[in-house]
Amino acid sequence: MTQLDGVVKPKTKRSKRFLESRAPKLTEDVKTTMIMKGGNTSQTVTQALKDIYSLKKPNAVLYKKKNITRPFEDSTSLEFFSKKTDCSLFLFGSHNKKRPNNFIFGRLFDFHVLDMIELGIEKYISLSDIKNSKCPEGTKPMLVFAGEAFDTDNDHKRLKSLFIDFFRGPTVSAVRLAGLEHVLHFTALEGKIYMRSYRCLLKKSGCRTPRIELEEIGPSFDFVLRRTHLASDDLYKLAHRQPKALKPKKKKNISHDAFGTKFGRVHMQKQDLSKLQTRKMKGLKKRRGEVVVEEQDVQAPKVAKVES
Amino acid sequence: MAACSVEQLLAKAEQEEAEKLKSVSVHKELDLDFDVGNLLACDKNRVESRDFRQQKKEDFLRSLARDNTQLLINELWKLPTEKVEEAIVAKLPDATTPLPREKPPPKPRPPTKWEQFAKLKGIQKKKKTNLVWDENAKEWKRRWGYKRANDDTKEWLIEVPETSDPNEDQFSKRVKAKKERVAKNELNRLRNIARAQKVKVPGVGLTPKAQQSKDELSRAVSVAKTSTASMGRFQDRLPKEKAPKNTGKKRKFEPLIGDFSNEKQRQLELLKVLDSKKPKLDVTKAVNKQMREDDREEAAAKHKKGAGKKGRKGNMQGKGRGKGGKGGKGGKGRPGGGKPGGGRPGGGGGGKKKGKPGKH
Chain A
240 MTQLDGVVKP
250 KTKRSKRFLE
260 SRAPKLTEDV
270 KTTMIMKGGN
280 TSQTVTQALK
290 DIYSLKKPNA
300 VLYKKKNITR
310 PFEDSTSLEF
320 FSKKTDCSLF
330 LFGSHNKKRP
340 NNFIFGRLFD
350 FHVLDMIELG
360 IEKYISLSDI
370 KNSKCPEGTK
380 PMLVFAGEAF
390 DTDNDHKRLK
400 SLFIDFFRGP
410 TVSAVRLAGL
420 EHVLHFTALE
430 GKIYMRSYRC
440 LLKKSGCRTP
450 RIELEEIGPS
460 FDFVLRRTHL
470 ASDDLYKLAH
480 RQPKALKPKK
490 KKNISHDAFG
500 TKFGRVHMQK
510 QDLSKLQTRK
520 MKGLKKRRGE
530 VVVEEQDVQA
540 PKVAKVES
Chain B
12 MAACSVEQLL
22 AKAEQEEAEK
32 LKSVSVHKEL
42 DLDFDVGNLL
52 ACDKNRVESR
62 DFRQQKKEDF
72 LRSLARDNTQ
82 LLINELWKLP
92 TEKVEEAIVA
102 KLPDATTPLP
112 REKPPPKPRP
122 PTKWEQFAKL
132 KGIQKKKKTN
142 LVWDENAKEW
152 KRRWGYKRAN
162 DDTKEWLIEV
172 PETSDPNEDQ
182 FSKRVKAKKE
192 RVAKNELNRL
202 RNIARAQKVK
212 VPGVGLTPKA
222 QQSKDELSRA
232 VSVAKTSTAS
242 MGRFQDRLPK
252 EKAPKNTGKK
262 RKFEPLIGDF
272 SNEKQRQLEL
282 LKVLDSKKPK
292 LDVTKAVNKQ
302 MREDDREEAA
312 AKHKKGAGKK
322 GRKGNMQGKG
332 RGKGGKGGKG
342 GKGRPGGGKP
352 GGGRPGGGGG
362 GKKKGKPGKH
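One line per chain: the protein sequences are A and B, in this order. Counted the way this note's numbering counts, the first sequence spans residues 240 to 547. Counted the way this note's numbering counts, the second sequence spans residues 12 to 371.
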């Protein structure tokens, strides 16, 4: 963590375990988020922060007090807090005359700001404003991005990656199909970003896959893009680098073709075709002066199809 | 009649099927990009802003979301499922969207000085059993820690060696020795960390030692003397005390005009070194390098030989030793180690002697 890393030895098993939990790992834990507010916040921003916290709940820390910092000018205090609580995502809300109802979404790599994007809230409907039944806490949401801006514009691309990182929740190997309830829909349209949160109702359709009906549950935002601070390409690449141990080992002698057929290379002894007993027919009888084409027959069966 | 009705029925059924499919199928110009591992879908289609303005905003967004979600759900329902505790669970593939890591991947711990040396010499770790036989208690006890076997701190009587001072407290001597060893170990640990991080090794001047030499003592004195606010400027000298040696270099300058021949000689020598294509040979360094190489080769050869001869069998023996060796004082371990050990005394002794030239 610091330059004094390892100099002070943990004195108890418990503190050792704690340090190990904070140390870099091969397969990482779920990213935790810290949600904090700046020196001045409006009612909207405070409520919105609380709503986002309730969406993220098990993996988030809500800071209750004001923190008078400006992340775009000086990110040291953010980095300090991230080290304290071991968070690598943050959401910072503030409100002032120049930038009313301001959100800063960001993420950190190795306790340094990787990228952060400032979004202004134009319109906001709270979770409690819509009176209906909500999704249970900690539901892994389905994320949907719509709009070509998310694929063409550089800032929007990064914002999409940030939103995926921010809202995707824990990585799981399996998911209960009936539990797919929550949908977060992001639409980029006419320079604005519409974030809507829906509850997904699975209706009978007559066939196996159900028909979907959506019901808005809030919070919903209309965002405008303000300032951005994006990581340089080098750093961004570095942050994406996967350790060698995680990469799947390449299996030898197996290949796939364009249709997904599996090919295996099988090595076998050269077949002695001279002793091969074929059906005896008069027409196929060996005539004098003709060379039997043997070589082609030998090479052909080397690559064999493997059923899988 | 009957045939007609069958045809009608079939057509009807087909229609129904199509209708059913209609309710779950969505038409899009461009296909969506799915990352099912993250439950993620990306719609690249252009969103018609005209529709957006004409319709009610919320309704338009909801219908767009519905279509996209339906497609995502269709994709999810294609996954292989299984039943776990009364719930149908779909197995998710690995996520394909690259996302940055939280922290850089863990680095392997840099080897300590001992580990480096052991690798050079081909010394392998030996596993010691946890339990050992305690002769006095007639019991199996732990080798280390609380209630350990053959605990020398619990002895109530220690024989005073003939050579030592009879008034010396042997108990406190033992305690002190232990403390020294602990301190030395801690210092080595810190040195290893410093070496790994390429920081200057702290406190090389005065390391704790059982017996300090005259040289070290004099250096300790000089360090103590200069450790004042005025860097030892106002410290008095003892009578007959010699000036401290090796306290940094003093710069020397040649006179501006004077010995030309000397200067010429030096310049020529410098040019000679520069001119010759051959690199200057540092004899000590070269000798050290050669010796390291030899050691490494020897270790590699030994390792190979051991692996070739014993292989798995050797390992098995090691395990067996753990069980059998408890009673037999580890006597079994000897024959196995005898062979490499036989070669070692010569090599080890040589290593010690060799170690010196490179020490400065």
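Derived from the structure by calculation, the hints contain no laboratory data. Heads up, some of the hints might be wrong.
Said to hold, decoys possible - Below, simulated EDC-like cross-link-like pairs (lysine to aspartate or glutamate); rule was C-alpha separation at most 20 angstroms, straight line:
1. K379/A <-> E420/A
2. K248/A <-> E191/B
3. K490/A <-> E93/B
4. K379/A <-> D46/B
5. K483/A <-> E69/B
6. K252/A <-> D105/B
7. K396/A <-> D42/B
8. K67/B <-> E452/A
9. K39/B <-> E387/A
10. K289/A <-> E429/A
11. K431/A <-> E191/B
12. K67/B <-> E376/A
13. K67/B <-> E420/A
14. K442/A <-> D78/B
15. K431/A <-> E69/B
16. K102/B <-> E455/A
17. K486/A <-> D42/B
18. K55/B <-> E420/A
Claimed, not checked - Only part of the chain B face toward chain A is listed, based on derived beta-carbon distances under 7 angstroms:
19. R57
20. L72
21. W88
22. P104
23. T107
24. D226
25. L228
26. R230
27. V232
28. V234
Claimed, not checked - Quick list of the computed label-pair ranges, beta carbon to beta carbon:
29. N335/A <-> P104/B: 16 to 24 angstroms
30. D496/A <-> P104/B: 37 to 45 angstroms
31. E252/B <-> P249/A: 55 to 63 angstroms
32. S494/A <-> Q301/B: 17 to 25 angstroms
As the structure is a computational prediction, the values presented were derived from the model and not from experiment. Beta carbons: idealized from backbone N, C-alpha and C, even for Gly.
Hints versus structure:
no., hint, verdict
1, K379/A <-> E420/A, "holds, 8 angstroms"
2, K248/A <-> E191/B, "holds, 19 angstroms"
3, K490/A <-> E93/B, "violated, 28 angstroms"
4, K379/A <-> D46/B, "holds, 14 angstroms"
5, K483/A <-> E69/B, "violated, 47 angstroms"
6, K252/A <-> D105/B, "violated, 35 angstroms"
7, K396/A <-> D42/B, "holds, 19 angstroms"
8, K67/B <-> E452/A, "holds, 18 angstroms"
9, K39/B <-> E387/A, "holds, 14 angstroms"
10, K289/A <-> E429/A, "violated, 28 angstroms"
11, K431/A <-> E191/B, "violated, 70 angstroms"
12, K67/B <-> E376/A, "violated, 30 angstroms"
13, K67/B <-> E420/A, "violated, 25 angstroms"
14, K442/A <-> D78/B, "holds, 14 angstroms"
15, K431/A <-> E69/B, "holds, 14 angstroms"
16, K102/B <-> E455/A, "violated, 28 angstroms"
17, K486/A <-> D42/B, "violated, 29 angstroms"
18, K55/B <-> E420/A, "violated, 24 angstroms"
19, R57, "holds, 5 angstroms"
20, L72, "holds, 6 angstroms"
21, W88, "holds, 4 angstroms"
22, P104, "violated, 9 angstroms"
23, T107, "violated, 11 angstroms"
24, D226, "violated, 30 angstroms"
25, L228, "violated, 29 angstroms"
26, R230, "violated, 26 angstroms"
27, V232, "violated, 29 angstroms"
28, V234, "violated, 23 angstroms"
29, N335/A <-> P104/B: 16 to 24 angstroms, "violated, 45 angstroms"
30, D496/A <-> P104/B: 37 to 45 angstroms, "violated, 21 angstroms"
31, E252/B <-> P249/A: 55 to 63 angstroms, "violated, 46 angstroms"
32, S494/A <-> Q301/B: 17 to 25 angstroms, "violated, 48 angstroms"
Hints 3, 5, 6, 10, 11, 12, 13, 16, 17, 18, 22, 23, 24, 25, 26, 27, 28, 29, 30, 31 and 32 from the list above are not met by this structure, while the remaining hints are.
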